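Take the sequences, apply the hints, and build the full model.
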Amino acid sequence: MRLLGTPPEPVDTIPYRSAARGGGTESLPLAVERRRVDALPDGCDAVLVAGDLQGVAPSPLTGRTGLLGVALADRLSRWAADGLLPPPERVGVLLAGDLYSAPGADLRGASGPVSEVWLAFAAAGCPMVYGVAGNHDDVTAAEVGAYGPEVALLDGGRRVFGGLTVAGVSGIAGDPARPRRRTPEDFVAAVRAAVAAPPPDVLLLHEGPAGPVAEQRGNPELRRALERGGPALTVCGHVHWREPLATLGDGHVLNVDGRAVVLTVR
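Once you know that position 2 of the sequence shown is 2 in UniProt numbering, the rest is easy, because the numbers rise by one and skip nothing.
These aren't lab readings, by the way, just hints derived from the structure by calculation.
Predicted model only: the values in this text are computed from it and were never measured.
A portion of the hints provided could be inaccurate.
[Claimed, not checked] Pair ranges (Cβ atoms, derived): (1) 245 with 84: 19 to 25 Å; (2) 163 with 84: 23 to 29 Å; (3) 149 with 110: 29 to 35 Å.
All residues carry an ideal CB built from backbone N, CA and C; glycine is no exception.
Here it is, written out as structure tokens:
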């Protein structure tokens, strides 16, 4: 599943509330855009990629305000009815972590449970829901795995769906005494192991590699580790890139911090 050089196309925006710097809340738009790829897994007409959905929004199905990721999942059927996306049963999902927000969207860096986001995508009928945990996510592989055979939290493992191989490493580099962290050396080693030959088609990370320009902040050691023999597509978040796409070896990095991207072939 290789990204093509076509420009992104807007699909929709979701208004949401998020914790503001310095305290309080702010209203933001979650941009949902379409990008083209050369192929999709069998059984999917689109793949939705998202990460760092640290906010709250009302669900169009229930009207209740909750995690932004749930509101995103609950919009899939509406977008399908409007002809913007295929039916949810034909939309795979890849999640790059950090899906939690304080209920009042008034505390930056809050950590908490996020399994309901995974459940919302599974309940929508999405045939594949794979992802990694961010450093603010309280979730286990057992929790999300209970939602279906193709619902999986990855941390060093791989899954194959419709001919597409997805590998993932959760968390970030840091103090291993804190949740979802490995030492910098262990983190890079885990990523190297995840992409060992044969490389996966997609690598899911929360903390990702640095881009080729200074504004695209990230882990420079990861970039060096992935420049040769890496996957066609690396998906990450954790830090925001104004330009979300960068080249990496023979493939691309797609940063979805605070974004939702729909991958289609046409």
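Q.
Please list, smallest to largest, the hint numbers that this structure does not respect.
A. Per hint list: zero violations.
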